[in-house]
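We have chain X already, so just place chain P on it with the hints.
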Amino acid sequence: MSFKPVILWTDALTLILVFISFVMIWYVRNNVHLLASWKRVARSVSGMCAFTVLLTFLIIGLLDTLHFRPALDHQNSQGKIVYSAEVLSVLDLLVGPLRTHVEKTYSAPFATHLYTKETVDLHDGSQIRTFARLKFGGTHLQDPQTEYLSDIGWRIAAGFGIGFLLWIMLHIILCQLIARHTKWSFAQSFHIIWQRRTDIPWHAILITLAIITVTISVTSMLAAHYHVLGTDKVGQDVLYLSLKSIRIALVIGTLTTLIMLPFALLLGITAGYFHGWIDDVIQYIYTTLNSIPNVLLIAATVLMMQVYIETHSEIFETTAARADIRLLFLCIILGITSWTSLCRLLRGETLKLREMEYIQAAHAFGVSHWRIISRHILPNVMYIVLIATVMDFSGLVLAEAVLSYVGVGVDPSMISFGTMINAARMEMAREPMVWWALLAAFAFMFTLVLSANLFADAVQKALDPRIKTHDARNAHDIATDDHPHLVTTDKTVTTQSSTPPLSLPHSPFTNKPPRQP
Amino acid sequence: MSALLKIENLQTILHTDNKPVRAVDNISFKINSGETFALLGESGCGKSMTALSVMRLLPDAGEILSGSIKLNGNDVLQLPEIEMRRIRGKLISMIFQEPMLSLNPVLTIADQINEVLKQHLKLEYSTAKERIKELLEQVGIPDASKRMHEYPFQFSGGMKQRAMIAMALAGQPELLIADEPTTALDVTIQAQVLSLLRQIQQQNNMAILLITHDLGVVNEMAKHVAVMYAGEIIEQTTHKHFFSHPAHPYSQQLFASLPGKQKRHHKLTVIGGTVPSLTQKFIGCRFAERCPQAFARCHNNVPEWHTIADGHIVRCHLYDSTAEHTLKTQLAETSQKPIAASEKPISDSPLLQVTDLKVHFPVHKGLFKRTVGHVKAVDGISLNIYKGKTLALVGESGCGKTTVGKSMLQLIEPTAGSVRYDGRELIGMHRSQLRPMRSQLQFVFQDPYSSLNPRMRIIDIIQEGIIALDIKTSALDVRSTSLESMVDILLDCVALPSDAKWRYPHEFSGGQRQRIAIARALAVNPKLLICDEPTSALDVSVQAQILNLLSTLQNDLGLAFLFITHNISVVEYLADDIAVMYLGRIVEYGRIDEVIENPKHPYTQALLSAVPKIDNSAAAIIKLKGELPSPTSPPAGCHFHPRCPHAMPICNESYPKASMISETHITHCYLYSQENASNQHEH
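Residue numbers (my numbering), protein chains in the order written: chain X, 3 to 519; chain P, 7 to 689.
Looking at chain X on its own, in the form it has when it is part of the complex:
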């Protein structure tokens, strides 16, 4: 065995999360009415495009989660294999050259020369100050001046071609799968996809996939010989940094949310539902917590934890393990400090809901408090939770950047969008400006957050039974059958939207406003 798998704390949690999501998918598949609402997610064009992009990010993140330590060539005195102290991930293997091609310092995207002048020894012994050639970027070019553009051009063309071929393969596989799943022939399923007659918007997914595959293949064609997004201060490839940052962003976004959610849900709903002194106590807790500046609280906790790590260095085998435990604690601390706003929102919504008549009806049936909360209140506040968590997701990634600036963010050895932005920040004042690190970080974050937002939007719409797509509406018309002893009555009015426009501004048949004495 030439490697030793390493499971870091966050890796374990991530894998557990993946496992839980598979269990949930299995559960939904076996539950007809849950499946029906998730099928509505699958029908949303923007939602599915966003999901495809999000899935790409998730795959990159997951590849980066599988960590191992490669074996070294030499063996120790007992003849045992010695493993490298450096922890690598599967992603590092896949993008191999990106990790190892380290320049001296800054170089612009696609550059063949360094960004700064330095003194170079010539063959004849004399020295000149010039932009030195890069060690890896564009080294295959004899004369960058003349070959440069044509080289990049054909590499892009080749990358485009390969990407397109790859996409066609994916397309064929998809058509085969659809053809097997339904009873259409291969050609039929091809036609039906492109005539947009499928329930799931396969055409949109395929177009998104085409963009993704072409981008990946063009990038990988170029990345073999150039630094597509340039290099940073110590010469590391920015593309590599960005790819590595995805995992950290996902971990911070999801773990923090998962830590924060129980606090927010439990405390917010109990405060709103039970009212009285429970409400007072919970309100005091979160108001107090809110009144402490978050950064200070986090800084204090991180420093305390850092001291612990320093004094117990024997627990951690590698630097990666140390950095990882720091990341985990950062997530926990961010989670504990950031539940207050969601908690307040949930409390307000629950206060409103607990006065609803269906809650009172449940009380009239003697339904227990716990059951009322879980069956009546929780589903009705879920939309707030979904929106708030997705909004928080980007906020948390940015919070990490702020904390890195203060010096209490992730471990300096760890690559994250926060550290990237923080490093780039200092170079913005430089002349000529180093812009690519910042741009790369923002471009990646923007795509990630936007796709997460769009997907959450689609989920929220589809899971709300009140919002329905047009075709679903038609399929659901009730045919009222006549009843022997009671005269049957009105047909269904399927959506809210189909009635109110005619009765502005309020239903004119409300004889009495619902007023509480």
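These are computed hints drawn from the structure, not numbers from a lab. Ideal Cβ placement from N, Cα and C applies to all residues, glycine included. Hints should not be assumed to be uniformly reliable.
Every beta carbon over 10 Å from chain P, so not counted as near; a handful from chain X, in silico [what the hints assert, rightly or not]: (1) S4; (2) L305; (3) M358; (4) V369.
Selected chain P positions facing chain X (Cβ under 8 Å, derived; list incomplete) [stated by the list, open to error]: (5) T421; (6) L458; (7) P460; (8) R526; (9) Y661.
This is chain P only, laid out in the frame that chain X set:
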């Protein structure tokens, strides 16, 4: 007389996501100056859209496709927006249904009226102030010079609607569009506002376009009536013709579906189906699907206007003289067969006995939430409900009737008194002790839109009580074992198909939702159903369905009802006993016939007289001064004396004791002898 407003072939559509909705489809009518024209119809018929088209205030999705709206001969549809602004408020103004929502809460009443004056009359500030005071006095707001500088929240519901009318009158319009002006108000306030409108109309010679669903209001106000159905006017006539001989089957059915005393123990006529979707193109009569007299031609040809009397036109094939069809003069009587009026056994011991129930809500103030007073929502009421009987609890909004219902179920904790069900005291029972009692008493809520959880399927909603209370068998069918078959039976019982259980509440109309709510309550085999205004949010024809359902259930299952309502005609139709509530106390209690025929308490008399009737038999309306006082500080003595036309000096000294009018008829009033007052009703 030339027409003030003349609408010809108006077509308004609403653009929605899929197909355009033809909200107003080819309607024509005219209003002469100084007369009241009523536009009558159920919700979703396009009445409000017609009004908004006239004002050119359609929502963004709305578009007027064709037609003309001529105001004094000028087509308002041709005018540019800037001209239109000169017309709105000056020539035409509008009052809306909900006075709470149509006034800006952060501006004083004077500011809001001044806005109209500034726009149209450009008055000096002092003259404007004079004018505002004049307007407010005209609509009967006392102490106008002081109150004009108050904010809307300082006005009560009726006062806000008066202020709204004052604002509408500020520009001295020639046409006032009143969109359900009294729907949100109580009957006594409604009577005040309607008479105010009539009085102002006479003074200013103003035309009123009255939009309403209430036949009673039409009867009191209108000179001309147009019945709207599915975006179209189907009958247009004078007041006299309409109320003596409604011609269109729809109009006839609207009358027939009104509940009332003479229809007791009879099923109400129900208009089957709903208003058709307005997205479709109609090839026949729009009402054909629901019409009991429809024949082949109704489904294939669009009916033309037929004149059946002078100024009485109707869109119905039945009146086509060329048709071979013989005109049935009356509705099919089959639907009106009496419900087997089983002689209800009178048991001596009441099923539910409420004695001296009080619910006081503390008013907290300050940092430490000190209790500074109490809202006496319910202040010592006593009721008896017998098995298989219906007790109606009647009163205006804010008098505490809903609180009575909820505190009986212990949904609101009562402050004092006793509620005994079958001899067992419910007050003070622990939540767990109360659970077995829960299945005996159930509640049907007022608003079917908020009483069903939007995220639960019907099956889960109905099962909830069965699971929570561990009900094993259904009273409707003893053999049913599985939960699902119990739900099917319950749905069947409220006339819904069994596949409805897989749907979510929003897929149902208001009437269907209310029936689901009834099925949910029935699921646990209750003996007593407390219905809190179960029909007030529904259309008249749908109300008839619910009332039919309730009376059938009472006959079949022997349920007792406590019917909380403000609708007197429903009470007359359904109730056996009636309790009239005023400001937390019962002022009159008795058999339905005794109270309705011979009301003793001045408040009951006023309340009954204020109900708009569709026949003109009623005596003059007894107008009440002012409005319901706040239950935080009820008036001393008899609560009603500040508004009572018969108030005597003794009335503001102490609360009157019960006076026995007969064995079963009790009232609290000094007009009647206090000697034989029973001891149990003292306060």
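Here is how each hint holds up against the structure:
1. S4: Fine: 54 Å to the nearest Cβ keeps S4 of chain X off the interface.
2. L305: holds (38 Å)
3. M358: violated (5 Å)
4. V369: It is violated; V369 of chain X is separated from chain P by about 4 Å at its closest Cβ, not greater than 10 Å.
5. T421: violated (14 Å)
6. L458: This hint holds: L458 of chain P lies near chain X, its Cβ roughly 6 Å from the closest one there, short of 8 Å.
7. P460: holds (6 Å)
8. R526: holds (7 Å)
9. Y661: violated (19 Å)
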